[in-house]
Structure formats: structure tokens, C-alpha cells
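Undergrad: Spelled out, the chains give:
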Amino acid sequence: MALAIPGAAILFHQALSGPDGFAVVAAILDSWLARLILMLLAWSLLHHLFSGIRYLLIDLGLGLERPAARRSAMIVFAAAITVLVVGGGLAL
Amino acid sequence: MSRQASGLMAWVVQRATSVYLAIFLTYLLVHFVFNAPAGHAALVNWVAHPVVALSLLLFVPVLLAHAWVGIRDVLIDYVHNLGLRLGLLTLVAFTFIASGLWGIKAIITAGLWG
Numbered sequence: 001m002a003l004a005i006p007g008a009a010i011l012f013h014q015a016l017s018g019p020d021g022f023a024v025v026a027a028i029l030d031s032w033l034a035r036l037i038l039m040l041l042a043w044s045l046l047h048h049l050f051s052g053i054r055y056l057l058i059d060l061g062l063g064l065e066r067p068a069a070r071r072s073a074m075i076v077f078a079a080a081i082t083v084l085v086v087g088g089g090l091a092l
Numbered sequence: 093m094s095r096q097a098s099g100l101m102a103w104v105v106q107r108a109t110s111v112y113l114a115i116f117l118t119y120l121l122v123h124f125v126f127n128a129p130a131g132h133a134a135l136v137n138w139v140a141h142p143v144v145a146l147s148l149l150l151f152v153p154v155l156l157a158h159a160w161v162g163i164r165d166v167l168i169d170y171v172h173n174l175g176l177r178l179g180l181l182t183l184v185a186f187t188f189i190a191s192g193l194w195g196i197k198a199i200i201t202a203g204l205w206g
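So the sequences go chain by chain: A and B.
Counting along the first sequence from 1, when you hit position 26 you're at 26 in the working numbering, and nothing is skipped either side.
Residues are numbered in the working numbering as their position in the second sequence, beginning at 1, plus a constant of 92.
Simulated from the structure, these hints should not be mistaken for laboratory data.
Just so it is clear, CB atoms sit at the ideal spot from N, CA and C, and this is done for glycine as well.
Be aware that a few hints might be false.
FRET-style restraints, in silico, Cβ to Cβ [what the hints assert, rightly or not]:
| hint | chain 1 | residue 1 | chain 2 | residue 2 | range |
| --- | --- | --- | --- | --- | --- |
| 1 | A | 64 | B | 134 | 39 to 49 Å |
| 2 | A | 51 | B | 167 | 31 to 41 Å |
| 3 | B | 190 | A | 67 | 25 to 35 Å |
| 4 | A | 43 | B | 108 | 17 to 27 Å |
| 5 | A | 61 | B | 108 | 13 to 23 Å |
| 6 | A | 57 | B | 187 | 18 to 28 Å |
| 7 | B | 168 | A | 44 | 15 to 25 Å |
| 8 | B | 193 | A | 43 | 26 to 36 Å |
| 9 | A | 20 | B | 101 | 38 to 48 Å |
| 10 | B | 126 | A | 32 | 37 to 47 Å |
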């Protein structure tokens with residue numbers, strides 16, 4: 001995700017530069033390689049988001065015991081995949 | 093903040109920024125999956141909206157602070173060669189600063205269009 005930051009900044013700037021720039025970015029993002037990268041990034045982001053919420057709850061003292069921590073780790077993994085598949089399905 | 097407490101400061105930064113990022117990135121994902129701007133004019137209109145523009149301007153340093161703390165921790169934990177670590181940290185810092193400035197320039201310029 002950190003590696004995507006400069007690329008995202010360049011594409012964002014390009015898309016806002018004018019109608020031609022927008023068309024270039026739209027064409028790039030439409031390619032299968034870009035779609036694959038976006039899917040992987042979306043999965044990374046969703047997993048990071050849910051595990052981040054899990055860490056915040058653990059910082060608050062919730063779910064500290066080993067069984068609860070194991071269960072929440074599984075929930076994070078499943079939630080990220082579920083939202084990725086549902087969101088990806090709705091987007092296509 | 094004293095030198096001894098810089099780790100605690102990083103911990104606080106990571107958690108404070110995470111709350112904003114969780115909310116704003118969820119909005120961004122939902123917006124671009126279900127209501128992606130169809131053309132340049134629509135994108136400019138969206139970016140130039142005062143609430144969106146301000147949220148994006150805030151998003152840039154908040155995201156970069158969060159990413160910087162994360163990457164810095166990874167490089168400190170896993171890259172033990174000090175020269176290489178310093179070189180990578182410098183490269184990441186300069187890349188992040190350039191990306192942030194480029195993004196902010198795009199947001200401000202879009203505001204001038206509308």
C-alpha cells in the first residue's frame with residue numbers, strides 16, 4: 001500500500017489535469033493488470049482496516065484472551081475477503 | 093516530546109490517524125465503487141466541493157504520517173545495516189513528501205477550475 005502512494009498521487013494528478021488526462025487514467029485503470037493490482041490493493045486495504053479496528057479494540061482491553069483473539073483474527077480474515085468479493089461483485 | 097517518548101508519540105500518531113483514515117477511506121471506497129465520476133468534469137466537481145476538498149487536503153498528511161510510522165517501524169525492525177536503513181528511510185521520506193505535494197497541488201488546482 002505504501003508503494004501505491006506515489007502511483008496514486010501521479011494518477012490522481014493526471015486525472016484532474018484535464019479531459020485528456022482523465023481519459024488516459026481511465027484507460028490505464030481499465031486494463032486487466034490495473035484491475036488485478038486494484039483488487040490486491042483493495043484486499044490489502046480491507047484486511048488492514050479490519051485488523052486495525054481489531055488492534056484498537058485490543059488496545060481498549062477488548063478481546064485480550066487467547067480464544068477471543070484467535071476468533072477475532074479469523075473474523076478479520078473472513079470479513080476482508082467477504083467485503084472484497086461482495087464489493088468487487090457489485091462494482092463489476 | 094522527549095527522545096525517550098518518541099515511540100509513544102508514534103503509537104499515538106498511528107492510532108489517531110487510523111481513525112480518520114478508517115472513516116475517510118471507507119467513504120472513498122464506497123464512492124468510487126458505486127458512484128465513480130464518469131468524466132473529468134464530474135471528478136473536478138467532486139474534488140472542488142468544499143467538504144471533499146478539505147477532507148482530501150487533510151487526508152494527504154494524515155495518510156503520509158500513518159504510512160511513514162508504519163514503514164519506519166518495518167525498516168527499523170528488519171533492515172539492520174544502518175547505511176541501507178538510512179538510505180531507504182530517506183528514499184521513502186522524499187517519495188512521500190513529493191507524493192503529498194503533488195496530490196495537494198492537484199486538489200488546489202481542481203478548486204481553481206470550478
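Undergrad: If a hint holds in the structure, say so; if it does not, say that too.
TA: Structure-based check of each hint:
In this structure, residue 64 of chain A and residue 134 of chain B meet the distance hint of 39 to 49 Å, their C-beta atoms being roughly 47 Å apart. Between residue 51 of chain A and residue 167 of chain B, the C-beta spacing of about 20 Å breaks the proposed range 31 to 41 Å. A beta carbon spacing of about 46 Å between residue 190 of chain B and residue 67 of chain A contradicts the range 25 to 35 Å that was offered as a hint. The hinted window of 17 to 27 Å between residue 43 of chain A and residue 108 of chain B holds, with their beta carbons roughly 25 Å apart.
The hinted range of 13 to 23 Å is satisfied by residue 61 of chain A and residue 108 of chain B, whose Cβ atoms lie roughly 19 Å apart. Checked against the hint of 18 to 28 Å, the C-beta distance between residue 57 of chain A and residue 187 of chain B comes to roughly 32 Å, which is inconsistent with it. Taken as a hint, the range 15 to 25 Å holds for the pair residue 168 of chain B and residue 44 of chain A, whose Cβ atoms sit roughly 21 Å apart. Restraint check, residue 193 of chain B to residue 43 of chain A: a C-beta distance of roughly 29 Å satisfies the suggested window 26 to 36 Å.
Hint check: residue 20 of chain A to residue 101 of chain B, Cβ distance near 45 Å, so the stated range 38 to 48 Å holds. One distance hint, 37 to 47 Å for the beta-carbon pair residue 126 of chain B and residue 32 of chain A, is violated here, with the actual separation near 22 Å.
Checked against the numbered hints above, the structure breaks hints 2, 3, 6, 10 and satisfies the rest.
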